[in-house]
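From first to last, the protein sequence lines are chains D and W.
Everything in the first sequence is counted per our numbering, starting at 9 for the first residue and increasing by one.
Everything in the second sequence is counted per our numbering, starting at 47 for the first residue and increasing by one.
Hint data in this document are derived by calculation from the structure and do not stem from the laboratory.
Computed from a predicted structure; not experimentally measured.
Incorrect hints may have been included.
Unchecked claim - List of simulated lysine-lysine pairs, PhoX-like, C-alpha gap at most 25 Å:
1) W:K55 - D:K78
2) W:K103 - D:K10
3) D:K75 - D:K10
4) D:K10 - D:K78
5) D:K64 - D:K78
6) D:K75 - D:K64
Chain by chain, the residues run as shown.
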Amino acid sequence: QKEVEQDPGPLSVPEGAIVSLNCTYSNSAFQYFMWYRQYSRKGPELLMYTYSSGNKEDGRFTAQVDKSSKYISLFIRDSQPSDSATYLCAIPLFGNTPLVFGKGTRLSVIA
Amino acid sequence: DSGVTQTPKHLITATGQRVTLRCSPRSGDLSVYWYQQSLDQGLQFLIQYYNGEERAKGNILERFSAQQFPDLHSELNLSSLELGDSALYFCASSASGSYTGELFFGEGSRLTVL
Chain D
9 QKEVEQDPGP LSVPEGAIVS LNCTYSNSAF QYFMWYRQYS RKGPELLMYT YSSGNKEDGR
69 FTAQVDKSSK YISLFIRDSQ PSDSATYLCA IPLFGNTPLV FGKGTRLSVI A
Chain W
47 DSGVTQTPKH LITATGQRVT LRCSPRSGDL SVYWYQQSLD QGLQFLIQYY NGEERAKGNI
107 LERFSAQQFP DLHSELNLSS LELGDSALYF CASSASGSYT GELFFGEGSR LTVL
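Okay, chain W solo, but in the shape it has when bound:
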């Protein structure tokens, strides 16, 4: 158990809809990362927050947004969903903002868009 909790584990929705994925990082970790994993693209970095502030942005679509709350949990919002958004979405946390440190991943949220 990594200590990172993601909900929901599975989500099935229709094109055009909006969903919110939630992540609770390990106790004390200030950094939260969101990654998208698909068979063809692998694990792609979306966005990172550090202690409530956006720290780095990767290949995140404009239809997607995220935030980190004062209690350090994070939410990833996906809107105007398309079939191609079907993927596993992972949250990871780390103690610091350093990118050479270990990332602790949750078990992921599997999104299916029909």
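Isolated chain D (complex conformation):
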């Protein structure tokens, strides 16, 4: 199993929809979980960052970690066309290894 797996989509939703993006990971010892957003022809940028389990909210975005299932999610409420991008989950496997990224899910929000 790969360390981080993510459904590449693409995912197309109407404006205003709730979007759920997901990743699974291989090792229950992982503690830090990140979501990066990548617009077309741009580099990824950090969107959300969570430590351990639970939820973290930032405006319309909520990051959720379920350590028992080794599952992380990013929810986008009231999605907007400007949210159209590729969303990548990322995990530093352990303290001494750089970030491993999921393949990214391409999201299109249609007005």
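Got chain D; can you put chain W on it based on the hints?
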């Protein structure tokens, strides 16, 4: 604007050739990372430098090499290029060597090998 500058933005070359990609990190950032992004493999870590020293190595081919200079800019050298090397190459920087910190990515160098 992340503050990370990559040149060139686009590069088209032939198989067997050698190219050099350049990265200037954000002011003050000591760590530079190189990632390769392709449709089938996603974003793959290649190599990291911290304050001039190699810190971590990922899935970097022997045909590829990198270095970080005293002014902290970095170069990724790709040689004996193959069609499969066509990809987006990203440089990222961070303030420290900690892997739990935010990475700031440049806009990438798109390499096409014909």
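Now the hints, each set against the structure:
1. This hinted pair does not check out: K55 of chain W and K78 of chain D have alpha carbons roughly 37 Å apart, beyond 25 Å.
2. Of the supplied pair hints, the one linking K103 of chain W and K10 of chain D holds, its CA atoms being roughly 18 Å apart against a limit of 25 Å.
3. Distance hint between K75 of chain D and K10 of chain D is fulfilled; the C-alpha atoms sit about 17 Å from each other, no more than 25 Å.
4. Restraint check for K10 of chain D and K78 of chain D: the C-alpha separation of about 13 Å stays at or below 25 Å, so the hint holds.
5. This hinted pair checks out: K64 of chain D and K78 of chain D have alpha carbons roughly 17 Å apart, not beyond 25 Å.
6. Of the supplied pair hints, the one linking K75 of chain D and K64 of chain D holds, its CA atoms being roughly 14 Å apart against a limit of 25 Å.
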